[in-house]
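Chemist: Chains W and V, in that order, are what the protein sequence lines are. Using this note's numbering, read the first sequence as starting at 1 and increasing by one per residue. Using this note's numbering, read the second sequence as starting at 1001 and increasing by one per residue.
Hints in this document: simulated from the structure, not taken from any laboratory. Predicted model only: the values in this text are computed from it and were never measured. We treat Cβ as the ideally placed atom computed from N, Cα and C, and that holds for glycine. Do not take every clue at face value.
Stated by the list, open to error - Here are some of the chain W residues that sit facing chain V, going by a computed Cβ distance under 10 Å:
no.: 1; residue: Arg58
no.: 2; residue: Lys151
no.: 3; residue: Asn228
no.: 4; residue: Asp276
To be verified - The calculated lysine to any residue pairs, modelled on SDA-like cross-linking and capped at a C-alpha distance of 20 Å, are:
no.: 5; chain 1: W; residue 1: Lys343; chain 2: W; residue 2: Asn388
no.: 6; chain 1: V; residue 1: Lys1167; chain 2: W; residue 2: Asp20
no.: 7; chain 1: W; residue 1: Lys13; chain 2: V; residue 2: Glu1140
no.: 8; chain 1: W; residue 1: Lys343; chain 2: V; residue 2: Glu1140
no.: 9; chain 1: W; residue 1: Lys243; chain 2: W; residue 2: Lys47
no.: 10; chain 1: W; residue 1: Lys343; chain 2: V; residue 2: Glu1110
no.: 11; chain 1: W; residue 1: Lys47; chain 2: W; residue 2: Gln163
no.: 12; chain 1: W; residue 1: Lys47; chain 2: V; residue 2: Lys1136
no.: 13; chain 1: V; residue 1: Lys1167; chain 2: W; residue 2: Ile362
no.: 14; chain 1: V; residue 1: Lys1032; chain 2: W; residue 2: Arg29
no.: 15; chain 1: V; residue 1: Lys1032; chain 2: W; residue 2: Asp32
no.: 16; chain 1: W; residue 1: Lys190; chain 2: W; residue 2: Ala180
no.: 17; chain 1: W; residue 1: Lys94; chain 2: W; residue 2: Asn388
no.: 18; chain 1: W; residue 1: Lys83; chain 2: W; residue 2: Tyr297
no.: 19; chain 1: W; residue 1: Lys343; chain 2: V; residue 2: Lys1136
no.: 20; chain 1: V; residue 1: Lys1136; chain 2: W; residue 2: Tyr59
no.: 21; chain 1: V; residue 1: Lys1136; chain 2: W; residue 2: Arg345
no.: 22; chain 1: W; residue 1: Lys343; chain 2: V; residue 2: Tyr1107
no.: 23; chain 1: W; residue 1: Lys47; chain 2: V; residue 2: Val1161
no.: 24; chain 1: V; residue 1: Lys1057; chain 2: V; residue 2: Phe1012
no.: 25; chain 1: V; residue 1: Lys1136; chain 2: W; residue 2: Pro24
To be verified - Just the calculated beta-carbon pair ranges, DEER-fashion:
no.: 26; chain 1: V; residue 1: Ile1165; chain 2: W; residue 2: Pro197; range: 43 to 53 Å
no.: 27; chain 1: V; residue 1: Ile1165; chain 2: W; residue 2: Pro22; range: 43 to 53 Å
no.: 28; chain 1: W; residue 1: Thr146; chain 2: V; residue 2: Ala1190; range: 36 to 46 Å
no.: 29; chain 1: W; residue 1: Pro22; chain 2: V; residue 2: Ser1170; range: 19 to 29 Å
no.: 30; chain 1: V; residue 1: Gln1010; chain 2: W; residue 2: Lys191; range: 43 to 53 Å
no.: 31; chain 1: W; residue 1: Asp187; chain 2: V; residue 2: Glu1180; range: 43 to 53 Å
no.: 32; chain 1: W; residue 1: Arg43; chain 2: V; residue 2: Glu1081; range: 52 to 62 Å
no.: 33; chain 1: V; residue 1: Gly1094; chain 2: W; residue 2: Asp187; range: 34 to 44 Å
no.: 34; chain 1: V; residue 1: Glu1081; chain 2: W; residue 2: Lys343; range: 21 to 31 Å
no.: 35; chain 1: W; residue 1: Ala194; chain 2: V; residue 2: Ser1223; range: 49 to 59 Å
no.: 36; chain 1: W; residue 1: Lys343; chain 2: V; residue 2: Asp1084; range: 26 to 36 Å
no.: 37; chain 1: W; residue 1: Thr366; chain 2: V; residue 2: Thr1139; range: 42 to 52 Å
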Amino acid sequence: MYSEQNVDIIPEKWYNIVPDLPEPLPPPRDHDPENSSIDLLNRILPKEVLRQEFTSSRYEPIPQEVIEQYMQIGRPTPLIRAKNLERFLKFNGKIFFKYEGATVTGSHKINTALPQAYYAANEGVQEVVTETGAGQWGTATALAATLNGIKSTVFMVKVSYEQKPLRKKIMNLYGAQVYASPSNMTDYGKKILAKDPEHPGTLGIAISEAVQYSLDHDMRYLLGSVENCVITHQTVIGQETVKQLEAIGEKADTLIGCVGGGSNFSGFTFPFIKTDVEMIATAASEVPKFSKGKYAYDMIDTAGILPELKMFSLGADFVPKSIYAGGLRYHGAAPALSLLIRKGRIKTDEVGESQSLEAFKIFSRTQGIVPAPESSHAIATAINYCRNPENQGKTVVINVSGHGLLDLSFVRD
Amino acid sequence: MPYPDRETFQSFLDDLLGMRFDYLEIGIPTEKPYYDGPVIRRTHRKAMEGFSFQYLKEVVHISRSRGKKNYALVYYNHFHEDVDGFLDKIMDSGLEGAIVPDLLTDYYDEREYLSEEFRKRNISLIPFFTSSTPDKVITEMLGLTDGWIYHGLQPSTGIRVPVSIDKMVSRIKSLCGNREIIFGFGINSAETISELKRYGADGIAVGSSLVPYMESNDHEGFSREVRMLQDGVYD
Ligand SMILES: Cc1ncc(COP(=O)(O)O)c(C=O)c1O
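Bound conformation, chain V alone (with noise of 0.2 Å):
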């Protein structure tokens, strides 16, 4: 956020905050989202533009007055040189918490600090884990954290290749036992949340499928979108 402007953007985030969900997923954008395919990709480039921490601040305000959780999307490589100030803004910023997609896999050992760091400061670190992330790093980042688990069903957000959705499902849920278990990256289709739900999914985040809305300033596509996804989640 805010993409594609701060008005465009606020128009739509109107349009969300009246609508059923229990969490906002909030990108911080940032030069290299290893993690993110190209629509995603895009968008940071030109939130960057609109982006500050006063703005960022606002946002998770209005939200919070609307009921809603908020955490924000963020990867390491973007605050790792400024731990300490970077996370004083997130905590300042009345964010519940933040998913770091990069830090498994790009900055391992770095996870025990950065889980402290988050500690210290009573703010969630959301653990992201995809299916290449090993047993026992599962089983180790969950002793380090508490709170939901997000779990990324793509190798990168807004792309689709084959998955057996019940294997991944059953695999995680036998690894995290009664942590709720979010699922994004890639999700487009109410099919695939009804089939995550089935085998266990406790919710599902989505962001690309909805970028085309914004940037066309569709108000009446986005709306419909969200519905048709939550026709999957609330069938």
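Okay, chain W solo, but in the shape it has when bound (with noise of 0.2 Å):
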């Protein structure tokens, strides 16, 4: 995965699918009327991933440095052909995988917080906050974070870091601080803490405490999904996927991820959004917000400290069940995302945790790779697609967002 053969497949530009959507993108609007969010903005981000959030540009060139440690990280990720499921389904098209699980950091998330980290440095930035679920974007964010010769703290939603005292070890290793959200470091996680000491907390919860964080610190703070530019980095995924396929002589005829803010689905995708690929978005059913969530402003973080978005969402105070897959807890998904869903361009699927525990066991068992529970859900719905006959014959691409390897606390047998 180090070598260099490959690197020509990693992309030199971001692509951004604004000036290519079926109708204007919704922009943000402000939660409180006396005040702006989007100029508090320029308090939060670093400029170029501001400036990067609003643009007008169908691409964006990947700075060399950035493309050097996208090397460095792993990538291009592999794509590959998963012969051993396509026995154990008797599926008799084909079946890819393309494998962010291979990035050192473990899913896809250091896509995105590479270039922020990188922008945040050369502005000038001494450290960059941030929130965790699952704990991938925090470990991300704490590998970028070093690499660029930054510091970093990380808000971790407190279930997960009790579940899960690995990832924390990471972050601390990649030198990261990491407080348990909600946590005594922000007035908004005192607030919750008064009222609830023992709350689970939430994204939208460890979203706001690392804004705040950042606001009353003067750093800077990095988006893990929903933000248009972050989709705009995580457009390597796609462009590396079509290079591959081509060069093999293959051709997709549905591409499939998991979608927890949005980010990997539609790196991975968009890329291919001219052509009549038939693409399926997975949620988890405990968080249903295809289903049951609605198609309107909602706030990103639970203090509505951001802008608010047009989004399928549950609601920023959804308190989800705790399922294993973390990283699909939050209760809304990409504007870009969302119109293509409603649009009917994009279709959905929901599963619930005992049937992607399942497709985690069969991928594992037939191909290796523990995949991460996140991305299980994506399998899962690969796995009935190839199961329905209808689709004999097709070329399916499932996007493996992350690995488990780290996630195995879950698995009881």
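Fit chain to chain and form the complex, with the hints in mind.
Modeler: This is the structure we're talking about:
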């Protein structure tokens, strides 16, 4: 994975889908009529990240330094044909998977952590702050910060902090300061703890704490998902996949991925948007944002510090069941993805924990790769899809967004 | 308009009408000015008290007599329940047309209908685009309208996030050909204006940066601010 043979697979530009959407992307809105949360972003995000968030450019050049960092963390990631899974399912089409678990932090999250930390460091920022649910995003931020010579602080949702001690260890190893959220480090955290000292935490609360902490200490906040520029960065996944399929003379009929905030799915599929490929986005049944969520303006973080976005959402105060796929517990989904779902261009599926666990086992036993619990949801959709006789003969590509080696505590037998 | 009240508004309008500009953009106050920043939002709330169509008609009449063309800035959420009645009043007030900033984002499916209603009355629907308007939507709207184009520099008025002006202007110019393009939203410095002009902007619109002078009834400051901005336009 560290060989430089395939480096020309890494794209030189990120792709921004906004100019190619069928309808205008609804802009962010202020939650509080007296203040501008959009203006506040100037104090929260690195300048270049903010510029990219609202750009009209279809392509954004990837800085040479970031391309080099992409190579260092294992890009391009492999596209692998899952022949054993095909045989197991008696599927006479082809199943490929793009394996984002092959990056050093074990998921796609590093694809956007690197440029954001790079831009922050370039602008003289000394320390970055973020939140993490499952721990994948925090790990990526911690590594990206060290690689760019700056410090990091991570607010980790309390249930995950307690369930996944190894995640905290890795973040510490990469030099990050990690707090369980809700914490005593911010006024918002204190307020929640005062009401309920045992509050398990949510991603929405952790985001609020991280944003407030960065404002209080004049640091910069890194965005893990949902926002458009994050998706733009994640298009390295799909652009590599396009080239890798081309190189072996294959054409995808169907792309499948999982959705938390929507970054891995959108980064994987958006570079294919001008083709007629079928796209299926899988959420967790326990977080049924597609079937039960509303397509409307909603808050990104529970405290409403960040601007509201129009998206499929269950409401910012939705407290999901503590399923293992912590990365799928977010209440909303990226606006561009939500719009394309609304327009019918992207289909959706929702998969429950037991079904995803089954897929997790099948994939581990057939392919040897232990997928992340989040990715297992996409695999479950793919398995159902390939078992449907109508889909025989098709070429299916799954985005396996991460590995699950640090999530094994949930496997009971 | 009228902000902060009719009398003050009229006195600043008098100042303004003596200065060099072509188009007067008249904001029709509304409850939900979603794409305005805090400054303009504040003016909407206050201006609702003094607004009437009769008064609008008077203001447009004065401005026309001084050789200016007049356009309304009005949210579709303000009149979508009575499009006919509202557009009749716009036509009757002597306005040349209107900018409807929430049409494409919040009422996309009504764009053809609304363009037709404008055309029937011989008033211009000024297309409002931003960085997040897709290419295809821009091209289609150009076909549905004529007259100039309003392009938002920022995601809302009165705020400033970093933008690459060169890329933004060249993109919209390449899509809009010879149509006149005017930039607004968050413009408050002569440097920004000369940069916009350098890359091919045909005009600029300002609002938020003038509001504080009207609030403190500072006519001198108001004129100074306009002259400062005009240095960028006519340098
Ligand atoms: C491995 C993995 N996959 C998927 C997700 C979901 O996020 P997104 O939808 O932004 O890709 C996460 C988030 O933590 C994750 O860690």
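Chemist: Hint by hint, note whether the structure agrees.
Modeler: Each hint tested on the structure:
The interface hint given for Arg58 (chain W) is met, as the beta carbon of that residue sits about 8 Å from the closest beta carbon of chain V, less than 10 Å. With a least beta-carbon distance of about 24 Å to chain V, the hint placing Lys151 (chain W) at the interface is violated under the 10 Å criterion. With its C-beta approaching chain V no nearer than about 8 Å, Asn228 (chain W) sits inside the 10 Å limit, and its interface hint holds. Against a cut-off of 10 Å between C-beta atoms, the interface hint on Asp276 (chain W) is violated, since the closest Cβ of chain V lies about 17 Å away.
Proximity of Lys343 (chain W) to Asn388 (chain W) is assessed by CA-CA distance (about 25 Å); at most 20 Å being required, the pair is judged violated. For the suggested pair Lys1167 (chain V) and Asp20 (chain W), the alpha carbons sit about 16 Å apart, so the restraint of at most 20 Å is met. Only pairs whose Cα atoms come within 20 Å are accepted, and Lys13 (chain W) paired with Glu1140 (chain V) is rejected, the gap being roughly 28 Å. For the hint linking Lys343 (chain W) to Glu1140 (chain V), the alpha-carbon distance of about 18 Å falls within 20 Å, and the restraint holds.
Annotation: proposed proximity of Lys243 (chain W) to Lys47 (chain W) is violated, straight-line Cα distance about 31 Å (limit 20 Å). Using a Cα cut-off of 20 Å, the hinted pair Lys343 (chain W) and Glu1110 (chain V) holds, with the two alpha carbons roughly 16 Å apart. With a C-alpha separation of about 35 Å, the suggested pair Lys47 (chain W) and Gln163 (chain W) falls outside the 20 Å cut-off, and the hint is violated. Between Lys47 (chain W) and Lys1136 (chain V) the CA atoms are separated by roughly 29 Å; this puts the pair beyond 20 Å, and the hint is violated.
At roughly 49 Å between alpha-carbon atoms, Lys1167 (chain V) and Ile362 (chain W) are farther apart than 20 Å, so this suggested pair is violated. With a C-alpha separation of about 11 Å, the suggested pairing of Lys1032 (chain V) with Arg29 (chain W) holds against the 20 Å cut-off. Distance hint between Lys1032 (chain V) and Asp32 (chain W) is fulfilled; the C-alpha atoms sit about 12 Å from each other, no more than 20 Å. The straight-line distance between the Cα atoms of Lys190 (chain W) and Ala180 (chain W) is roughly 12 Å, inside the 20 Å bound, and the hint therefore holds.
Proximity of Lys94 (chain W) to Asn388 (chain W) is assessed by CA-CA distance (about 14 Å); at most 20 Å being required, the pair is judged to hold. Taking the CA atoms of Lys83 (chain W) and Tyr297 (chain W), the gap is about 43 Å. The hint is violated against a cut of 20 Å. Between Lys343 (chain W) and Lys1136 (chain V) the CA atoms are separated by roughly 15 Å; this keeps the pair inside 20 Å, and the hint holds. For the hint pairing Lys1136 (chain V) with Tyr59 (chain W), the CA-to-CA distance comes to about 17 Å; that is within 20 Å, so the pair holds.
At most 20 Å may separate the alpha-carbon atoms for a hinted pair to count; Lys1136 (chain V) and Arg345 (chain W) meet this at roughly 16 Å. Note on Lys343 (chain W) and Tyr1107 (chain V): the hinted pairing holds, with a Cα-Cα distance of about 14 Å set against a maximum of 20 Å. Proximity of Lys47 (chain W) to Val1161 (chain V) is assessed by CA-CA distance (about 8 Å); at most 20 Å being required, the pair is judged to hold. Annotation: proposed proximity of Lys1057 (chain V) to Phe1012 (chain V) holds, straight-line Cα distance about 17 Å (limit 20 Å).
Taking the CA atoms of Lys1136 (chain V) and Pro24 (chain W), the gap is about 10 Å. The hint holds against a cut of 20 Å. Our hint of 43 to 53 Å for Ile1165 (chain V) and Pro197 (chain W) holds, since their Cβ atoms are close to 51 Å apart. For the pair Ile1165 (chain V) and Pro22 (chain W), the supplied restraint of 43 to 53 Å is violated, since their beta-carbon distance comes to about 27 Å. About 43 Å separates the C-beta atoms of Thr146 (chain W) and Ala1190 (chain V), a value consistent with the hinted range of 36 to 46 Å.
Distance hint for Pro22 (chain W) and Ser1170 (chain V): a CB-CB separation of about 24 Å, consistent with the stated range 19 to 29 Å. Between Gln1010 (chain V) and Lys191 (chain W) the CB atoms are about 48 Å apart, so this pair conforms to the stated range of 43 to 53 Å. Taken as a hint, the range 43 to 53 Å holds for the pair Asp187 (chain W) and Glu1180 (chain V), whose Cβ atoms sit roughly 50 Å apart. About 39 Å separates the C-beta atoms of Arg43 (chain W) and Glu1081 (chain V), a value inconsistent with the hinted range of 52 to 62 Å.
In this structure the hint that Gly1094 (chain V) and Asp187 (chain W) lie 34 to 44 Å apart at CB is violated, the actual value being about 53 Å. For Glu1081 (chain V) and Lys343 (chain W), the Cβ-Cβ distance of about 25 Å falls inside the hinted range of 21 to 31 Å, so the restraint holds. Ala194 (chain W) and Ser1223 (chain V) have their C-beta atoms about 53 Å apart, which keeps the hinted 49 to 59 Å range intact. Take Lys343 (chain W) and Asp1084 (chain V): their Cβ atoms lie about 29 Å apart, and the range 26 to 36 Å holds.
At about 48 Å, the beta-carbon gap between Thr366 (chain W) and Thr1139 (chain V) stays in the expected band of 42 to 52 Å.
Against the hints set out earlier in the document, violations occur for numbers 2, 4, 5, 7, 9, 11, 12, 13, 18, 27, 32 and 33.
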